[in-house]
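Engineer: Going down the list, the protein sequences come from chains A and B.
Each residue of the first sequence is one higher than the one before, counting from 25 in this note's numbering.
Each residue of the second sequence is one higher than the one before, counting from 25 in this note's numbering.
Don't take every hint at face value.
Pairs count within a copy or across copies, as identical chains cannot be separated in the list.
Mimicking DSBU-like on lysine-lysine, the simulated pairs with C-alpha atoms at most 35 Å apart in a straight line are [claimed, not checked]:
| hint | residue 1 | residue 2 |
| --- | --- | --- |
| 1 | Lys311 | Lys180 |
| 2 | Lys171 | Lys46 |
| 3 | Lys107 | Lys180 |
| 4 | Lys107 | Lys164 |
| 5 | Lys311 | Lys263 |
| 6 | Lys263 | Lys164 |
| 7 | Lys171 | Lys263 |
| 8 | Lys263 | Lys307 |
| 9 | Lys180 | Lys164 |
| 10 | Lys180 | Lys263 |
Hints in this document: simulated from the structure, not taken from any laboratory.
Number of protein chains: 2
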Amino acid sequence: MQNIGIIGLGSMGYGMAQNLIKAGHRVWGHDINPDAVARLQGAGAAQSALQDHAGELDALVVVVLNAAQTEAVLFGPEGIAPKLRSGAVILSCATIPPAFAVDMEARAESAGLQYLDAPISGGAIKAASGELTIMASGRKAAFEAAKPALDAISAKVFEMGERAGAGSAMKATNQMLAGIHIASMAEAITFALAQGISPARFLEVVSQSAGTSWMLENRAPHIIEGDYSPRSTINIWPKDLGIVLDIAQTMGFAAPITETALAQFRAAAEAGLGAEDDAALAKIYAKAAGLTLPEGA
Amino acid sequence: MQNIGIIGLGSMGYGMAQNLIKAGHRVWGHDINPDAVARLQGAGAAQSALQDHAGELDALVVVVLNAAQTEAVLFGPEGIAPKLRSGAVILSCATIPPAFAVDMEARAESAGLQYLDAPISGGAIKAASGELTIMASGRKAAFEAAKPALDAISAKVFEMGERAGAGSAMKATNQMLAGIHIASMAEAITFALAQGISPARFLEVVSQSAGTSWMLENRAPHIIEGDYSPRSTINIWPKDLGIVLDIAQTMGFAAPITETALAQFRAAAEAGLGAEDDAALAKIYAKAAGLTLPEGA
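Throw the hints in and build the complete structure from the sequences for me.
Structural biologist: Structure follows, in structure tokens:
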């Protein structure tokens, strides 16, 4: 049993926090939304504020939106890193640029802390069931210190290397494919519809054929059901594919398919769909082609 | 037991012909390459020429490269359609534009023939094992007449509609996704390599994550093994994605991701890689980024 803090109690972080509690750890949650903190306290978290117990933590899990928020919660004016005890481990779970992860590791180590570059994959459902996939890298000691937390939240940990950065590089690669596959599903399901093939029939045939993908099978049902309540939002993709293209540009790597998919997600965000489920990208194609997608119940 | 002719004994057609023979049918094969015809005769096909027995056929399977060849073998100066008996069924298996399939059905019916729009999916391995997926459409009588042949060559027949065109529309949609997924695999496996992640590690992690696709899992091993012997060639894609974009243009449907993937395949064909396995698209990315892909044994 460990003392574990978790910052960021959104759709991913809240599920992870529940599984840390379920595994028997003493858990402090923190979020800019006090309701989320209170809700976690009602679900078994410690009743006191994370900030008042920072020095007692064995591990701190950071599940915020991006690099800027990760830096702010750790090293900003009210950052928690200076209050952690020597040897405590930070698990950094947001999708961030690999070079930023390298920088965070250096700053954490300068402060006497362990750092694990630990981006997560699997969505809110896997977060809730404690079965996330984690693409992690860091020193052996950081992996060892993080093991109790990792065991509670994940089904699979890919050990990508002995320094921070490699985990985030793998996550960026996976997001690149995931984003392209969502966008290509949207392009194809509307292309089929324009030819008279219903979204339901599209999914039935493609899911049993060579054109299928994990994302297609996961997201196409949202379109068939006309349900765009956000499991993962359109707004995630300009951010994550932006990270991919920033990395690519730094390396002089041309990624034209990623660029095209990003342009589609940006168009959807600009059309006011940013807070909808990312399957709503199909609405952009449908509107341009004058098609009517299925409506929800 | 039926009398069945098959035109086009390439990597798909030869396997299909073998399964027609294995199912007990009397089979005549034809190909512009006489060696392929002789080889099929050695494997149990009738020893006489297809052209001399056209009037005895119950079914004719056409597995040529494209629409132009399909039209030539059926209705060209030496076309076989006028020689077929009334009520015989044509199974048209090439990837062709839906509008062309509609035209072929009309011409076949004018000649007293049945026509099944029956594009195939699954690759040479499934053709050889008699387990193709077929996205078919046509009149009920055409499906009934084609059943013995379909049973011999396929594991799954999707019945897409009661007239020709719907099968080819579904096939075009599946090819759209398949082509994009091969191209995005090539983009991502090299993006990972540029960051120090080996192609083997890439496949291990992505195949267990949300970024995976059927094509990624099928084609990435070719890159890992450095084996570009053609299972399906680069040259297929400018043709098939060209059909997709022709359909899209006719309907006023914008398909920017398909366009971008097509541009990559065209670049590969122009670089002299057209006859290589389509996984060789990764070479275009590797060359542009100065990366070294694994070499074959």
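Engineer: Does each hint hold? Answer for all of them.
Structural biologist: Tested hints:
| no. | hint | in the structure |
| --- | --- | --- |
| 1 | Lys311 / Lys180 | between (40 Å within a copy, 34 Å between copies) |
| 2 | Lys171 / Lys46 | within (16 Å within a copy, 57 Å between copies) |
| 3 | Lys107 / Lys180 | within (31 Å within a copy, 62 Å between copies) |
| 4 | Lys107 / Lys164 | within (23 Å within a copy, 75 Å between copies) |
| 5 | Lys311 / Lys263 | both (24 Å within a copy, 28 Å between copies) |
| 6 | Lys263 / Lys164 | within (30 Å within a copy, 51 Å between copies) |
| 7 | Lys171 / Lys263 | within (29 Å within a copy, 51 Å between copies) |
| 8 | Lys263 / Lys307 | both (20 Å within a copy, 28 Å between copies) |
| 9 | Lys180 / Lys164 | within (17 Å within a copy, 50 Å between copies) |
| 10 | Lys180 / Lys263 | within (25 Å within a copy, 41 Å between copies) |
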